[in-house]
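Trainee: Given the sequences, and given the hints that come with them, work out the whole structure.
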Amino acid sequence: MFLQSKFFIAFISRLFGSGAKKDLETQIDRKGESLEIKNLSSSIATGEPVVTMKGIIIRFGEVTANNNVNFELRKGEIHALLGENGAGKTTLMSILYGLYQPQAGEIIVKGHKTSMKSPNDAMTLGIAMVHQHSLLTPPHSVTENIIVGLKESRGLFLNISTAEKKIIQLSEKYGLKIDPKAIVGDLAVGEQQRVEIIKALYRDVDILILDEPTSMLTPQEEKALFSTLQSMVRQGLSIIFITHKLHEVMEVSNRVTILRGGMVVGTVNTSETSETELARMMVGRPVIENIAHKVSSNSPVVLHLKNVSALNNAKVMFLKELSLELRKSEILGIAGVDGNGQAELAEVIAGLRKVQKGEIIMDGKPITTLSPRKIRELGLAYVPQDRLETGLILEYSIAENLILDRWYFEKYSGRVFLKNDEIKNFAKKAVSEFEIKTPGINVPVNSLSGGNLQKVLMARELARNPKVLVVHNPTRGIDIGATHYIHEQLIKQRDAGVGVLMISLDLDEILTVADRIAVMYEGKIMAVMDAKDADVDYIGLLMGGKPSAVYSKKNEEEQNK
Amino acid sequence: MSLVTTFSQIPKKMRDVRTYVPFASASLAFVVGAVILDSTDIDVGRAYTIMFRGAFGSIFGIGDVLVKTISLVLTGLAVSVAFKCRQWNIGAEGQLYMGALGGTLVGISLVGAVPGLAIFLVLLLSFAFGSLFALVPAILKVKFGVNEVISTVLLNFVAILFISYLLHGPLKAPGFNPYSPEIHEASEMPIVLPGTRLHAGIFVAVAATVGVYYLWKTKIGFEIKSVGANNNAARYAGMNITKSTLVTFVISGGLAGLAGGLLVSGVQHFLIEGISPGYGFIAVIIALLGRQHPIGVAVVAFFFSVLMTGSETMYRSLSIPTAFAMTLQALVLVFVLVGQLFIIWLNKRQTRRLDQKEKWLAK
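From first to last, the protein sequence lines stand for chains A and B.
The first sequence begins at 1 in this note's numbering and counts up by one.
The second sequence begins at 562 in this note's numbering and counts up by one.
All the given hints hold, so there is nothing to weed out.
Here are the simulated DSS-like pairs of lysine-lysine, each with C-alpha atoms no more than 25 Å apart in a straight line: (1) K117/A to K909/B; (2) K804/B to K374/A; (3) K424/A to K780/B; (4) K354/A to K702/B; (5) K780/B to K411/A; (6) K780/B to K374/A; (7) K419/A to K429/A; (8) K165/A to K151/A; (9) K428/A to K778/B; (10) K780/B to K429/A; (11) K354/A to K704/B; (12) K411/A to K778/B; (13) K315/A to K702/B; (14) K374/A to K704/B; (15) K429/A to K778/B; (16) K704/B to K315/A.
Keep in mind the hints are simulated off the structure, nothing from the lab.
Mentor: Here it is, written out as structure tokens:
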């Protein structure tokens, strides 16, 4: 039985393997341009492979997170793993770290075929992962955090001084300055990250996975980290560096593997590539044709953000004097990599986040300091990205969710009681109008699929007859049918005169639906352009935060004029 | 074959094990209680019989059960309303004492002698005193973010000791005991079942149950409920979280205050220390077991009242300490909560099996 299943997996992987490869080839052919994919074997980096992942396939429900991924890490190299959100970078590394088990494919570590069931297995093979967010306990000292869970710390008494000595040795060897006696909670984010790295080194690992290590760092800390990484590889470690920032890839890596949509686009030597090429490989070309772009530069501005600054949840200034104009009858797409202030932007407009500086004007009226309810009454509709958290109440029925923002309207309630019949009629109408698939209007919405949940939310928001509609990742995690339906609704709203602000991580979606495109990077709008003459390479560079590229592009444009 | 068809004809809910779990849990509590009794050389059968007879054996017993039910329903509803808004009001006991004070102040003053008006004012003031006292933790939370669990728990002691101070000082009636003066007869709740202590407060309790049932169908009720279910979504939809919190505490504290006022005007007729044997704390258990539904709260309150009344009889005739009743209550809580876990486990197993089936079919 067991053998059979093993055989089965091998068979499947071979089947899918060749199929997927063909797919990739035809995709590139179709583009008809010189998007060269460099072969793994023709690369120049020296050192024998320490990790080889072959034909990795993993699915979560209907989503294929990794589809026939091949990846190779060589001894003594920094290997960048580049891709947009949802490209499958973190998933792939979680497999290598034993957090997920792939449905197919094999992993070879230092010449031995292995299957990892847990991070402990990975650790014994010398693999460690430093996560995006610190997993240390703040009230404890650096040393305590580093030795926690180790065999030598399991006795009755801790041998702190020996551990401290070893930590100092390590920190000197790799240039990771740290005080072993310091309390972790008092350390800056960059220092905490050093502790995480030392924690891994303390366990004698020689393969280190860093998941977007610079996302919380200041530029100075970033520099320090990079030089540490360089010294670590000189000492014989191998490092995998997950990122979506182009300049980091260019600065620190020896080779780079680009993932897109769960598949490998290619592996190239950093010295033989350019940011433009990487951006193109990362973003790809839109497969779907643009639906209908209208450019209406003369219609009035319905939403105007003037130099708006706002803090994120960690109280860091995350929107930096952002300015933006949304016009009537247009869909303005906000492109960008996740975590560049998109959520903050949406919440600032909806009145859910305080504006520190600047002004927001909707339909001629200042809304900067108004409550969410007032702003909505003035004509805003907002479909938040976390429909389960902010959009809907899961244990409520469709009917209750639909009146969540209008329970006090005269139509739906008297002086004291809610008007049940009116509410039911409204719900029935919404269900049939938006083709919501549900056993009834009184079932809790947590039994609905993601697409239908989004339809409930859209139904509620669009029923307000808004002047401005803000949607954030409107089709994330939703099947193709519902996605198409939601796009149609957005275009219908646009044609009816609504100004639609569509914030999305899915660049294809923006290229398909939006009339104008703005690119957001680190809390600022990098550039705004008409969708019909948008250049994907250019957008990719902007998303990766290449201001130099912006200038050169602008110059180019000016010269053309 | 015929057996199978008959089995499948039974409604689905009746066939589901999950329907019976709470009952089985409560019964198990009694089994464990029996073991405890048995270990102290008490005839378990006789003890439980006497308990049952104490509660239902006489008209007086039934009356007493209902009198206790009044207090438990009102405090249980008080806690339920708060929990429904995710406000963990553990201060029903203190709010009850303040309500009792409000009722007493009306009862011993001049207006307390005016028939009709007196009863109305007793109810009004006990509600108001409970509400105002509950507003203290509410405002602390809204203004300064003080955790309401801690503030309500601690304010219980403030209220109880404040009443003690009054009874030993300004409010003390002439005589040796720390009692307040007796309230005027016009302020006393009339007895509705002759030969028992059952007073008109039972109608207040019924009205409160119906009121809370309909509260969730009102505008403000919908707002409170939504804030409790997901305050992110509620805030975004334009609901006022501060207002909901304050209103919740006003209603919650008021209901607990009513329970206190009725203890004075319906049962004791003057204010004493320890006028409540911890109704406000038992209320937390009742709200949990009744799943914050008014009907559920009423049923559980009645059940707990039977336990309390019965155990008093057990104490009188078998000198089993009343602490045993508390033990039983705690056991019921523990077993019902474990029962909930069991149901969750059953649900998980069911979905897992369905998943496996799907996977198998997909192959």
